[in-house]
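Protein chains in written order, with my numbering: chain L, 1 to 477; chain B, 1001 to 1306.
Think of the hints as simulated: they come from the structure by calculation, not from any bench.
Incorrect hints may appear among the rest.
[What the hints assert, rightly or not] Label-pair ranges, simulated between beta-carbon atoms:
(1) L/ASN328 to B/HIS1022: 46 to 56 Å
(2) B/GLU1199 to L/ARG311: 36 to 46 Å
(3) B/HIS1082 to L/TYR11: 53 to 63 Å
(4) B/GLU1211 to L/GLY203: 38 to 48 Å
(5) B/PRO1248 to L/GLY193: 53 to 63 Å
(6) L/ASP102 to B/SER1244: 49 to 59 Å
(7) L/GLU307 to B/LEU1290: 37 to 47 Å
[Said to hold, decoys possible] Here are the simulated BS3-like cross-link-like pairs (lysine-lysine), alpha carbons at most 27 Å apart as the crow flies:
(8) L/LYS410 to B/LYS1193
(9) L/LYS410 to B/LYS1166
(10) L/LYS60 to L/LYS106
(11) L/LYS327 to B/LYS1011
(12) L/LYS327 to B/LYS1039
Built from N, CA and C at the ideal position, the CB exists for glycine as well.
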Amino acid sequence: RKIIFEKQWFYLDNAIGHIYGTTFEVTSGGNLQPKQEVEETTTETKEAGTDNRNIVDDGKSQKLTHDDIKALKDKGIKGQEIVQQLIENSTTFRDKTEFAQDKYIKKKKKKYEAVITIVKPSTRILSTMYYAREPGKINHLRYDTLAQMLTLGNIRAGSKMIVMETCAGLVLGAVMERMGGYGSIIQMYPGGGPVRAATSCFGFPKPFFDNLHEFPLSKVGSLLSGTFSTETLPSEPEDNSLVEEESNGLTAGKQASLQETEEDSTTETSMEINETEEQETMDINAEDVEFKENKEKANVRIFIVRERKQRERRKKLIEAAALLREKNADGLIVASKFHPTPLLLTLLEFVAPSRPFVVYCLYKEVSRICCFRFYSLSLTLFCCVTCLFFKPLLECYTKLRERGGVINLKLSETWLRNYQVLPDRSHPKLTMSGGGGYLLSGITVVLDKGKSDASNLEALKMEEPSSKRCKVQDLDC
Amino acid sequence: MSFVEYGDTIKDGDTAIVFLGHESMFPVKVHHGTVTQTKYGVIRHSTDLIGKKYGSRVTCSKGGWVFILHPTPELWTLNLPHRTQILYSTDISIITMMLELKPGSIVCESGTGSGSLSHALIRTVAPTGHLYTVEFHQQRAEKAREEFREHGVEHLVTVTNQDVCKNGFGVSNIADAVFLDIPSPWEAIGHAKSALKTEGGRICSFSPCIEQVQRTCLAMEEHGFTEINTLEILLRVYNVRTISLQIPDLGKAAEDNSSTGFDNSDPSSQGSSCWNLQQGTAQFKSGVPLREMVGHTGYLTFATKT
């Protein structure tokens, strides 16, 4: 099979049988050849200038023309030799400082020496790769932030975890790696099914999937209210009924969150949740329709297989529902494109006391939209500042405080700084900031329904006017 | 209770975390007949703790209450008795991921220090992995052994009392990962290499000073390590607060009124309710960075043996 990577194409056949971490050279035929350690050919580099006072950029320092280089390449000459030729034909190379020469060679090597290293997949590799290549697919979850989530969530073998993610299955994969096939995971998914594109990159052995369950987010409401039953499950070809159910489920979920918030706050605040949800809901539906259309086409073709699959799916769904009903999960991980507040308030119901939970959220999009709207209303910059950061998690924080049953709430962010470490040339490489997202973490505790709750409620009422006002304003942004 | 397995109820001999609120907490060893003093009064272990669920609210003698939490490596890190400087969860999390640790991994660590990282490593490699940790300070090594026994993880860890720079880790060709937190890590790189499996593995060195990093990187290169990468991770914590800012009086009362009118006409926009014009303030929720934050813990240098 032909693979294209960084403007190179090659076949992987020759790589089989080599250990992970082997470096290969790409030859003209697309074959891979293991690269041997070459002694650095630093023959004349001893000759070097001390500064660049006499180096003039006249664009004529390289004596080889563009066509010459192309000719060399076409002849299939090794990259190493091309680099050597480039150095020899550079008039300024000798005048450059030793460090600049080093840099020059490195740059040219990168361009002309096509080498690739084949490594084993891991959370480290995949999360770094996804962040660099397809950050949009993983909600810009930076790898150090993912690392924090795994630690704060106390992910380990033997736990029973609830994971809600729309990060292409990367977060799920990371959790699976840390659990090593021990314990169970229930993945909550929006729409027609869980996305596990990144999960499959990990190459987990089959047994890892035995205790991986999935449960549709749209059924959470009915599960909590006790109306969930197998009868409501799709028994007909599921495409049509699913669409209906999806929307039904969503409203059900909404009602559930409505009821929930009603318990400890006024209806007005829960209305506000609803409004935010509605925006999100529209997004989901739009995507669902597209998804379903594709599905429908496939359905006609493999109807019978479908039937059987569906029965299996149903069985798994019942299993997952049973696991959730126990309400004794060992933790909750949320990293999705949805508003985290309703997710968290509802899903925390399934978590046992004294267990950690972590919510990831990236606010950037939100803040940008909000800035834009404010400018268009020609209000002052001041308003912008009010909702610039943390909108969803700030709200989440407040709502959780109102709900109770959680302690040690922490809103945090990590900064990551990479360094270049070379003799006499050590310095920070780049600062990555802001783009990594934010985390809200905490620990669940037993939710008391005693006398102290009354006093809590009173305290809440006292606070309400101010918090309510702010939420209205938040929404508006 | 165990640090590698959740339990539902508190039992005699458990280590539990007493949570007082506002990030103030401390660990207790649960024993029949023992009492613990808190600022909210006395907790009697036999009646107040044993048999109760983790995560319960416990009312103390003075009427105040605390929460009792199940121990985790992260809570332990915040509460352990310091014998040395320790690594905190922010660094620990990136170390764990970058060393590619998971259940079944064999890890070598030096020095053990106060065991902050050790607990996190054991948690991650359990139930089939193992931690070989080396501490040259005899008293610290013994204290660590005692703690591992108390926390129910002694079967997952071997503590060796020797100098890692001279004598290495006491094992060879079995480790998937090596972690070094010692003053002169470059002297231990050779030993680290021989502790790692022949087919390769990952290494990490933690150093506060760039000069240490420099020498470590050189040593790693000499020993044929690849993918050498140095990074630093910082945690920023935010307080969530309601803030009110005063609106300046610019003497434009008429215009203010008109803009309020505009807002009200827009059904989706009730933002003006946040502007309390009578009082001349506007309120909003904000995540405020803490006044002081940890600016530097150490540089983390990672590399691969192939």
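Do the hints match the structure? See the list:
no.	hint	in the structure
1	L/ASN328 to B/HIS1022: 46 to 56 Å	28 Å, violated
2	B/GLU1199 to L/ARG311: 36 to 46 Å	44 Å, holds
3	B/HIS1082 to L/TYR11: 53 to 63 Å	56 Å, holds
4	B/GLU1211 to L/GLY203: 38 to 48 Å	41 Å, holds
5	B/PRO1248 to L/GLY193: 53 to 63 Å	54 Å, holds
6	L/ASP102 to B/SER1244: 49 to 59 Å	57 Å, holds
7	L/GLU307 to B/LEU1290: 37 to 47 Å	58 Å, violated
8	L/LYS410 to B/LYS1193	39 Å, violated
9	L/LYS410 to B/LYS1166	43 Å, violated
10	L/LYS60 to L/LYS106	21 Å, holds
11	L/LYS327 to B/LYS1011	22 Å, holds
12	L/LYS327 to B/LYS1039	33 Å, violated
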